[in-house]
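Below are the chains, spelled out letter by letter.
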Amino acid sequence: MTSESVIREPLVTGGKTVHDVTDDICRRVEEKPAKSWLLAMAASLGALTIGILAVAILVWEGIGSWGLNKTVGWAWDITNFVWWVGIGHAGTLISAVLLLFRQRWRMSINRAAEAMTIFAVICALQFPVLHMGRPWLGFYWALPLPNTFGSLWVNFNSPLLWDVFAISTYFSVSLVFWYIGLVPDFATIRDRATGISKIVYGALSLGWNGAAKAWSRYETVSLILAGLATPLVLSVHTIVSFDFATSVIPGWHTTIFPPYFVAGAIFSGFAMVLTLLVITRAVYKLEDYITIGHIELMNIIIIITGSVVGIAYITEFFIAWYSGVEPEQYAFINRATGPYWWAYWSMMTCNVISPQLFWFKKIRTNIAATFVLSIVVNIGMWFERFVIIVTSLHRDFVPSSWAMFYPTRYDVGVYIFTFGLFFTLFFAFAKFFPVINMAEVKSIVKPTGEKK
Amino acid sequence: MVEEKFEFTGKAKKNLFITIGVGIILVIIGIISLNMGGHGHEGHEAVAEGGHHAFHWTQRLFANLWINNVFFAGLAVIGVFFFAVQYAAQAGWSAGLKRIPLAFGAWLPIAAVLMLVVFFIAGHDIFHWTHHDLYDTSSEDYDSIIDGKGGYFYWPLHKGGFPLFFIARMVIFFGVWYVLFLKLKATAISEDVDGGTEKWYQMRKLSAIFLVFFAVSSSMSAWDWVMSIDTHWFSTMFGWYMFASWWVSGLALIALIVVLLKDKGYLSVVNANHLHDLGKFIFAFSIFWTYVWFSQFLLIYYANIPEESIYFVERWKNDHYAPYFFLNLFLNFFLPFLLLMTRDSKRHSRFMKVVTPIVIIGHWFDFYLMITPGTLKGNGGFGALEVGLMLIYAGAFIFVVLNQLSKSALVAKNHPMLEESLHHHI
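Chains A and B, in that order, are what the protein sequence lines are.
Quick note on numbering: this note's numbering labels position 57 of the first sequence as 57, and the sequence is numbered without any gaps.
Quick note on numbering: this note's numbering labels position 12 of the second sequence as 12, and the sequence is numbered without any gaps.
Any given hint could be a false lead.
Stated by the list, open to error - Listed next, the in silico DSSO-like pairs over lysine-lysine satisfying Cα-Cα at most 27 Å (straight line):
#1 A:K362 - B:K205
#2 B:K14 - B:K353
#3 B:K407 - B:K185
#4 B:K205 - A:K361
#5 A:K361 - B:K185
#6 A:K285 - A:K35
#7 A:K361 - B:K183
#8 B:K5 - B:K353
#9 B:K317 - B:K11
Unchecked claim - Beta-carbon label-pair distances, calculated as ranges:
#10 B:V216 - A:L206: 19 to 29 Å
#11 B:L338 - A:S172: 21 to 31 Å
#12 B:K205 - A:G62: 54 to 64 Å
#13 B:R204 - A:R217: 34 to 44 Å
#14 B:R204 - A:R409: 34 to 44 Å
#15 A:I7 - B:L260: 24 to 34 Å
#16 A:I375 - B:A12: 31 to 41 Å
#17 B:D194 - A:I180: 33 to 43 Å
#18 B:I121 - A:G73: 50 to 60 Å
#19 A:R217 - B:F17: 51 to 61 Å
The set of hints was computed from the structure by calculation and includes no laboratory data.
Since the model is a prediction, treat every value here as computed from it, not as a measurement.
Note that beta-carbon positions come from the ideal geometry of N, C-alpha and C, so glycine has one too.
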């Protein structure tokens, strides 16, 4: 685009030049770790250590260490799984869907968001793998591989198996997409580096020489990967929603689930991106790249997706009444007024009501409010999955089987394990990798940068 | 730049009147042939399945009126929706062509009147829930399930009487859509005179209001006007499913009108890049429609709860409608998916002139398939009556839209994004 409308706000502020971009981003990789970073890393490693202990005991003792019972056979495990997968939606959405929609504001946030996506999917993966009880055999159980255990074969009719394919494909494409984007930036770091880091970043940059032909291939590959990733973003949470919606459990069997889960995933993904970027931006002084304008746009996406999710909640409630199906009506009334009412109203408040505050420009352009609300949304989205999963299961078809779910310390411990893993990976990324896509941002510094 | 103004020529008007005239003749032929027991098997089934509600040709006419009412009302409101989305998303590329979707809104008052009139004349033949016996516990037709949901139609009046809630929603939806359309239109036209960026910000605000209202009203209108025809049946996806169908047919109609206007020498600001973007939209949302269609279908098929799967039994496992069931997927997924796959196909008006009518007609069939089995059961068919009525509505709709377009400048010359749109290159 060679023309900028007068109403466009600058995407990069502070009169940055192309060289400033290189300096501002590379310096974070080159300098010695800051104290705040060391502290954060130590806290993450601490959580990871506690978590590893919980995981070790879980694997040693078995799944009985969790609070599951015969009625509620799925609880925190699958809740956490869906929660992390949902968070793992924003990165590829930002880089692929927003690329197709030519939203240039994505350029300063896509790198960190994609990294977050990959780490979140890794965390999500822990739950189904650990739930297998003998994770070292999971390979045979989850993949349609010929095996030596007799006629054991995966169930192709099960959406759980479709999940294996959907998530592994999504993970692979996201990883390749992220890495391809990193290559030119690694080369920039390599060219400035000396000694051992020159060798390491040299290897990571795959011999990138910045030739016109290399850029041409880079752009072609990016476009192809964006085209592939877009249906994948939709498919992952669609298939996660099928895990529930293909059943006949009241509260689970509802046709709106696929698009509503996708909207919810984008909602929580953006919330997590905001949580992480508000911190990264402050610590690394990236205010000129991740501007208030960026934060405002992300907050608008939070309002839109939060409202879509809200409409889906109301639709489900309405159709449960309209259907005249008694178990369905009961499932929804029980959610709102039964023993898990607190979870339901936490979900409603955090997901539907509080994000509406972003309609006020003052709030959506306020860093502190954004940070708080982004965490509120993540809490709400965790409760959403908990509500869907546990409230539908705990009232069995046979009233004598009705039960409650109480988490044990191993439920909590494994969740902490994924937090430790996630933040350890993210902080490592933030230190050793360029957190902003320098090559892409450089392409917009001139047309959309604020003049000093 | 030169101000462009669309001239609604006598020739164009004549062509539209001919379209409507041909439609009327076809409708008459259709009605006569129905009365003479024409169309082979349909006549026999009418006799065989007559039961206690003997089939009368007017029922088929009414069902078709409703299909076209809903389909064209949807196109009208989708035009305004497209316009509003461009402002909310701060889109630059579309600045030169936004007057075309905006003009669709002019059909809204006519759609509202048609909806109300057809409902009052033919409501009993279209909506099963309008029969008061269903709510009468002493009647042998009493239906406890429909009685349970009766409040959604009749509240606060007694069930089986005047459906106040239902009518109120219809009036409010059309009323708000129309008022917001008029406000957007007035602001857009005043921008032509006053210039500046202030109008753009005003329209962005109005667009946000419209989008919030439309998000709720589009789903509810789907429940009201279409889902309630199969009164027992329910699907939480339905609102978004009908929206997807409206939206992609609206996109196709926008693209078709843009291409045709360009052929007549108008819209000099629109080039292959803009067509490319419209084509991408049609391609993407054809896939989106298929996604929603498939998700709804798969979940009902897989769970196989009889109350829900009956909907697809009536359409798929039914010799009468099965051909349309497959035609629907063929026209609305396979053809647009394959035809719009390549870059060149989206950039050439000749291709777009082939694909867009396929998508529009395809989604007309989608509405046909949503409405006909529930209203006509085994008496539905597709013949001169259907084609004729569709031509009448299409002719009238295009007439209203072109008439609206001729009233103000075809291109918003003071649009703050116009310069971006002129330099748009992909």
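Here is what the structure says about each hint:
Taking the CA atoms of A:K362 and B:K205, the gap is about 16 Å. The hint holds against a cut of 27 Å. In summary, the hint linking B:K14 to B:K353 is supported, as the alpha carbons are separated by about 21 Å, within the 27 Å threshold. Using a Cα cut-off of 27 Å, the hinted pair B:K407 and B:K185 holds, with the two alpha carbons roughly 11 Å apart. Among the hinted pairs, B:K205 with A:K361 is consistent with the structure: their alpha-carbon atoms are about 12 Å apart, no more than 27 Å.
With a C-alpha separation of about 26 Å, the suggested pair A:K361 and B:K185 falls inside the 27 Å cut-off, and the hint holds. Distance restraint check for A:K285 and A:K35: the Cα-Cα separation of roughly 15 Å lies within the 27 Å cut-off, and the hinted pair is therefore satisfied. Simply put, A:K361 and B:K183 have alpha-carbon atoms about 23 Å apart, close enough for the 27 Å limit, and the pair holds. Distance hint between B:K5 and B:K353 is fulfilled; the C-alpha atoms sit about 23 Å from each other, no more than 27 Å.
For the hint linking B:K317 to B:K11, the alpha-carbon distance of about 47 Å lies beyond 27 Å, and the restraint is violated. At roughly 50 Å, the beta carbons of B:V216 and A:L206 sit outside the given window of 19 to 29 Å. Distance hint for B:L338 and A:S172: a CB-CB separation of about 27 Å, consistent with the stated range 21 to 31 Å. The given range of 54 to 64 Å is respected by B:K205 and A:G62, whose C-beta atoms sit roughly 59 Å from each other.
Distance hint check: the CB atoms of B:R204 and A:R217 are about 39 Å apart, consistent with the given range 34 to 44 Å. Distance hint for B:R204 and A:R409: a CB-CB separation of about 51 Å, inconsistent with the stated range 34 to 44 Å. A hinted range of 24 to 34 Å holds for the C-beta pair A:I7 and B:L260, which are about 31 Å apart. Separation of A:I375 from B:A12 is about 59 Å and departs from the stated range, judged on CB atoms against 31 to 41 Å.
Between B:D194 and A:I180, the C-beta spacing of about 48 Å breaks the proposed range 33 to 43 Å. The given range of 50 to 60 Å is respected by B:I121 and A:G73, whose C-beta atoms sit roughly 55 Å from each other. Between A:R217 and B:F17, the C-beta spacing of about 57 Å keeps the proposed range 51 to 61 Å intact.
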